[in-house]
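Student: If you read the protein sequences in the order shown, they are chains A and B.
The first sequence runs 1272 to 1377 under this note's numbering.
The second sequence runs 727 to 842 under this note's numbering.
Derived from the structure by calculation, the hints contain no laboratory data.
Among the hints, a few may not be true.
[Claimed, not checked] In silico SDA-like cross-links for lysine to any residue, where the CA-CA straight-line distance does not exceed 25 Å:
1) A:K1274 x B:A780
2) A:K1274 x B:Q763
3) B:K741 x B:R807
4) B:K804 x A:K1274
5) A:K1274 x B:S764
6) A:K1274 x B:L786
7) A:K1274 x B:V815
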Amino acid sequence: DAKTTQPPSMDCAEGRAANLPCNHSTISGNEYVYWYRQIHSQGPQYIIHGLKNNETNEMASLIITEDRKSSTLILPHATLRDTAVYYCIVEGDMRFGAGTRLTVKP
Amino acid sequence: GAGVSQTPSNKVTEKGKYVELRCDPISGHTALYWYRQSLGQGPEFLIYFQGTGAADDSGLPNDRFFAVRPEGSVSTLKIQRTERGDSAVYLCASSQGLAGYTDTQYFGPGTRLTVL
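This is chain B alone, in the form it adopts within the complex (with noise of 0.2 Å):
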């Protein structure tokens, strides 16, 4: 079946422009999750959804990223008067979500931003 896809794969932007990712999770996975990743580092945990609701925000940088699933399923990361320091590629990941936090995570393939 389809796996997690996101869009658009590559984004570039100028400093100060908003910015929205979009995440297709694999469908009926309640759980989502968003990464970023910058060169040579791990994923950096920012948010994680069970259903509807951000169950956990706490890697969410700055007031400047924001990320909404409102119906449980698509979800978008969006960052305000973007900085040069968000060049980074975007991951997004979902889960059955029955087994709590982190049950086995499927990755889509990212979104690479950068910020001129």
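Next up, chain A with everything else stripped away, as it sits in the complex (with noise of 0.2 Å):
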């Protein structure tokens, strides 16, 4: 089983914030959360990764918790074209899980 557990769906309407969840509570010290994200029918894309430091780039920001065994995906204008399947992944572990799919609604 995946390291990772994750709702199985979310809805968003279009411009707020989405922030998707994910607990990796047998997460070690030294291990980075990643999060992907998959488009239908595309391979999944990188969107950012964090050690215990919030972290923010182009695309989201990532919230760990300070016993690092959850984070927090934060898109924060969400738009239509962010409707994807978005994973959370612990770094060594390979297992994505079935993920978040996050539809953002007009």
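Build the complex from these two chains, which are given one at a time in their own frames, with help from the hints.
Tutor: Shown next, in the form of structure tokens:
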């Protein structure tokens, strides 16, 4: 089984922030958390990764709890093109799990 | 620059046949990964190469599946005696291989395999 758990689906209104949670309670102290997304019929696309500090790039922000047992991917202003399946994985574990299907609605 | 490419994009074969799926990683990437993805599921890890050697092949489901990367660049996934259950999208990814097991992976578009 994957080392991460995510809700199977979420909806978000266009223009609003999308907050996608991920639990990784068995993560080791030096393992990074990676986020990818997969738009229909395409290969997964890297979004962001982090170790313990919050991270931000042009695509998203990543908030990691102090105990590192969970994280949240934030898309600050979701658009219809952000509709995809979002996966979080732990470094060293190749198992993606089923991810969260995010639907951004107009 | 060029991303990861996979050929063919679609492959239809008959049960019992042999197939080869090709992956061209990003130039200079030493790590290469194969996954397969069934409808509605996340990618399922198959094998990971670091250079020419398979560093982890624990995801290969049985001995009908084999992968090579003889020169540390292009990789071929080989499936013998295909079964209908092998039908899936086969994804390839590459990474720089500098940060160990899973530094940032760049995925190809996949090969959709259909076994009739």
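Student: If a hint holds in the structure, say so; if it doesn't, say that too.
Tutor: Hint check:
| no. | hint | in the structure |
| --- | --- | --- |
| 1 | A:K1274 x B:A780 | holds (23 Å) |
| 2 | A:K1274 x B:Q763 | holds (18 Å) |
| 3 | B:K741 x B:R807 | holds (7 Å) |
| 4 | B:K804 x A:K1274 | violated (29 Å) |
| 5 | A:K1274 x B:S764 | holds (20 Å) |
| 6 | A:K1274 x B:L786 | holds (19 Å) |
| 7 | A:K1274 x B:V815 | holds (23 Å) |
The earlier numbered hint that this structure contradicts is number 4, and it is the only one.
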